[in-house]
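Participant: From first to last, the protein sequence lines stand for chains G and C.
In terms of our numbering, the first sequence opens at residue 1 and continues consecutively.
In terms of our numbering, the second sequence opens at residue 1 and continues consecutively.
Because the hints were derived from the structure by calculation, they are not lab data.
The structure displayed is predicted, hence computed values, not measured ones.
We put the CB at the ideal spot given by N, CA and C, even for glycine.
One or more hints might be untrue.
What the hints assert, rightly or not - Keeping only pairs whose Cα atoms sit at most 30 Å apart, straight-line, the calculated BS3-like set for lysine-lysine is:
id, chain 1, residue 1, chain 2, residue 2
1, G, Lys162, G, Lys208
2, G, Lys291, G, Lys302
3, G, Lys208, G, Lys276
4, G, Lys276, C, Lys38
5, G, Lys113, G, Lys132
6, C, Lys38, G, Lys150
7, G, Lys39, C, Lys38
8, C, Lys38, G, Lys99
9, G, Lys291, G, Lys276
10, G, Lys269, G, Lys302
11, G, Lys34, G, Lys162
12, G, Lys276, G, Lys162
Claimed, not checked - Residues from chain C that face chain G, not an exhaustive set, calculated with beta carbons under 10 Å:
id, residue
13, Met1
14, Thr4
15, Phe8
16, Ala11
17, Phe18
18, Thr22
19, Phe25
20, His29
21, Ile32
22, Tyr33
23, Asn37
The primary structure of each chain is shown beneath.
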Amino acid sequence: MISQILMIVTLISIWFSLAMSLIILTGATHFWLKNSRAKSVVKPLPYYPLITVVVPAHNEEVVIAQTVKAILDMNYPQARVELLLFADNCSDGTYRVMKYIKQLPEYQKRNIKIIKRTGSGGKAGVLNDALKMAHGQYIGVYDADAMPEKNALYFLVAEALKDPERHVAAFGRNKTRNATQNFLTRCINQEIVVTQRIQHIGLWHLFKIGRIPGTNFIINAEFVKSIGGWRNGALTEDTDISFKIMQSGKLIALAYNSEAFQQEPENLKAYYMQRKRWAKGNYEVVIANFKHLFDRSNWRVKFETFYYVSTFLWFNCAIILSDIIFFSNVIVLALGLFVPNLQLPFMFSASNIYIAQILFFNWALMILLYLLQISMALVTQFGQATSEQIWLGLASYFTYSQLFIVVSISAVCSVMMDRILRRDGNVWVKTKRFND
Amino acid sequence: MSLTDVFFVLALIISAFFAFCTVGFFILHLVIYHRINKNFKAVEKDD
Chain G
1 MISQILMIVT LISIWFSLAM SLIILTGATH FWLKNSRAKS VVKPLPYYPL ITVVVPAHNE
61 EVVIAQTVKA ILDMNYPQAR VELLLFADNC SDGTYRVMKY IKQLPEYQKR NIKIIKRTGS
121 GGKAGVLNDA LKMAHGQYIG VYDADAMPEK NALYFLVAEA LKDPERHVAA FGRNKTRNAT
181 QNFLTRCINQ EIVVTQRIQH IGLWHLFKIG RIPGTNFIIN AEFVKSIGGW RNGALTEDTD
241 ISFKIMQSGK LIALAYNSEA FQQEPENLKA YYMQRKRWAK GNYEVVIANF KHLFDRSNWR
301 VKFETFYYVS TFLWFNCAII LSDIIFFSNV IVLALGLFVP NLQLPFMFSA SNIYIAQILF
361 FNWALMILLY LLQISMALVT QFGQATSEQI WLGLASYFTY SQLFIVVSIS AVCSVMMDRI
421 LRRDGNVWVK TKRFND
Chain C
1 MSLTDVFFVL ALIISAFFAF CTVGFFILHL VIYHRINKNF KAVEKDD
């Protein structure tokens with residue numbers, strides 16, 4: 001009886017997950033149908049606000065030169081860009097590379113400030129320091145590994161100026177610049193394309209919900225000051241400030257054609273450390289915002305909290321439960337080769353075999369929808385829609401996607417231990433960069 | 001009708017709905033692919 005109830009709980013969780021995916025996919029599909037014939041036009045803006053572009057860099061000598069050059073070469077009036085380069089607690093040649101770029105003849109007239117920083121607070125600390133120094137109406141943030149395309153900043157500003165009162169922030173897309181490096185980076189590339197081309201677009205198109213990413217976004221400087229800036233030491237300062245913006249009733253607008261290339265982890269260790277930090281940060285944000293599900297908060301905050309709770313708590317538990325059921329049966333089946341008359345721990349009786357078939361059908365449907373989402377996302381990006389990507393998607397379902405379970409269990413344990421042992425869990429683990 | 005039968009009918013309807021949506025999205029995916037692929041070809045030929 002208990003095993004049957006567990007399987008029905010799993011089935012209902014699959015339905016819930018399917019329903020959420022389908023709602024967001026509906027939004028994204030409608031958006032792409034509407035925009036698939038539209039041309040991106042770069043028209044003059046009503047005015048060009050001064051933008052303070054901030055680049056927080058902690059030991060980034062491998063990638064910083066390309067990033068700074070890409071930012072300085074963007075298609076935005078040069079006099080309207082102030083660039084703040086932070087060499088944050090660096091022990092490598094980041095500061096030296098920054099100074100070298102500044103002295104290049106083509107950039108000598110540009111408004112560039114290089115700050116050697118020794119303070120605390122991680123990336124949020126750097127952004128708060130930048131906020132005090134910035135002269136721009138908007139603060140733009142690019143991570144040290146992010147190479148924006150020529151019009152990235154233009155599209156962000158254009159989106160913010162569509163409704164400057166409500167659109168206090170605008171964010172773009174990030175593409176993987178080392179996508180073809182190995183199996184892991186190919187899988188990450190797929191995940192990022194789906195997240196940005198389906199999830200972000202669906203959420204924005206249907207509900208006007210946006211999420212500040214770590215890089216390639218602008219935010220109104222006065223507004224950030226009014227909400228107290230970034231939370232120093234936050235592991236995911238981007239999610240944290242996104243909730244603050246939504247709580248104030250303002251919007252984080254999506255500039256879907258603003259694109260930047262970023263580098264992704266190329267080995268499992270770097271991937272694990274990065275994702276564990278993200279997962280821990282997201283758990284913290286979920287815990288901090290859980291109360292908003294029941295108070296009179298902005299409905300977007302409730303929606304996002306519900307979405308995060310579903311993903312990180314309910315959906316995660318359902319996957320673990322589902323895996324326990326699957327592996328228990330597999331182990332007993334294997335043991336059955338040596339020990340006769342062993343009964344499977346999780347099975348329906350003969351009279352309920354149809355429910356078992358429906359469960360199996362829904363599982364197949366889930367994989368199909370997963371592949372469809374990937375496919376839908378890939379067809380909207382140049383050079384991505386290939387048959388290899390479908391096979392990769394299938395392989396990643398059974399391999400790469402399962403890493404999410406490992407990462408989130410580890411993050412939950414870490415958050416719990418931080419609380420029990422009263423230790424500082426906000427230790428920022430920097431994502432390792434690679435020469436590409 | 002037992003509780004199991006009610007659940008089975010409900011599960012069948014919900015699953016059929018999801019299956020129908022999946023087929024619908026597959027067709028829409030082909031439409032988007034066709035439209036956007038045409039744009040890409042136009043870009044490739046743009047000198």
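Participant: Determine for every hint whether it applies to the structure shown.
Facilitator: For each hint, the structure was consulted:
1. Restraint check for Lys162(G) and Lys208(G): the C-alpha separation of about 14 Å stays at or below 30 Å, so the hint holds.
2. Distance restraint check for Lys291(G) and Lys302(G): the Cα-Cα separation of roughly 9 Å lies within the 30 Å cut-off, and the hinted pair is therefore satisfied.
3. The straight-line distance between the Cα atoms of Lys208(G) and Lys276(G) is roughly 28 Å, inside the 30 Å bound, and the hint therefore holds.
4. The suggested pairing of Lys276(G) with Lys38(C) is violated, with an alpha-carbon distance near 41 Å, which exceeds 30 Å.
5. Among the hinted pairs, Lys113(G) with Lys132(G) is consistent with the structure: their alpha-carbon atoms are about 14 Å apart, no more than 30 Å.
6. Under the criterion of a C-alpha separation no larger than 30 Å, the hint pairing Lys38(C) with Lys150(G) is consistent with the structure, at around 24 Å.
7. Restraint check for Lys39(G) and Lys38(C): the C-alpha separation of about 12 Å stays at or below 30 Å, so the hint holds.
8. Between Lys38(C) and Lys99(G), the direct Cα distance comes to roughly 45 Å. Violation of the 30 Å bound is thereby established for this hinted pair.
9. Between Lys291(G) and Lys276(G) the CA atoms are separated by roughly 24 Å; this keeps the pair inside 30 Å, and the hint holds.
10. A C-alpha spacing of about 34 Å is found between Lys269(G) and Lys302(G), which places the hinted pair above 30 Å, so the restraint is violated.
11. Simply put, Lys34(G) and Lys162(G) have alpha-carbon atoms about 19 Å apart, close enough for the 30 Å limit, and the pair holds.
12. As the CA atoms of Lys276(G) and Lys162(G) are separated by approximately 36 Å, the hinted pair breaks the 30 Å bound.
13. For Met1(C), the shortest C-beta to C-beta distance to chain G is roughly 14 Å, which exceeds 10 Å, and the interface hint is violated.
14. Checking Thr4(C) against chain G: minimum C-beta separation of about 6 Å stays under 10 Å; hint holds.
15. A least Cβ separation of about 6 Å between Phe8(C) and chain G falls short of the 10 Å threshold, and the interface hint therefore holds.
16. Checking Ala11(C) against chain G: minimum C-beta separation of about 5 Å stays under 10 Å; hint holds.
17. Taking 10 Å as the C-beta cut-off, the interface hint given for Phe18(C) holds, the closest approach to chain G being about 5 Å.
18. About 6 Å separates the beta-carbon of Thr22(C) from the nearest beta-carbon of chain G, less than 10 Å, and the hint is met.
19. For the restraint placing Phe25(C) at the interface with chain G, the shortest Cβ-Cβ distance is roughly 6 Å, inside the 10 Å limit, so the hint holds.
20. Annotation: interface hint on His29(C) holds; nearest CB of chain G at approximately 5 Å, less than 10 Å.
21. Among the interface hints, the one on Ile32(C) holds; its C-beta lies about 5 Å from the nearest C-beta in chain G, closer than the 10 Å criterion.
22. Because the smallest distance between the Cβ of Tyr33(C) and any Cβ of chain G comes to about 4 Å, under 10 Å, the interface hint for this residue holds.
23. For Asn37(C), the suggested interface contact is upheld, since its CB lies about 7 Å from the closest CB of chain G, less than 10 Å.
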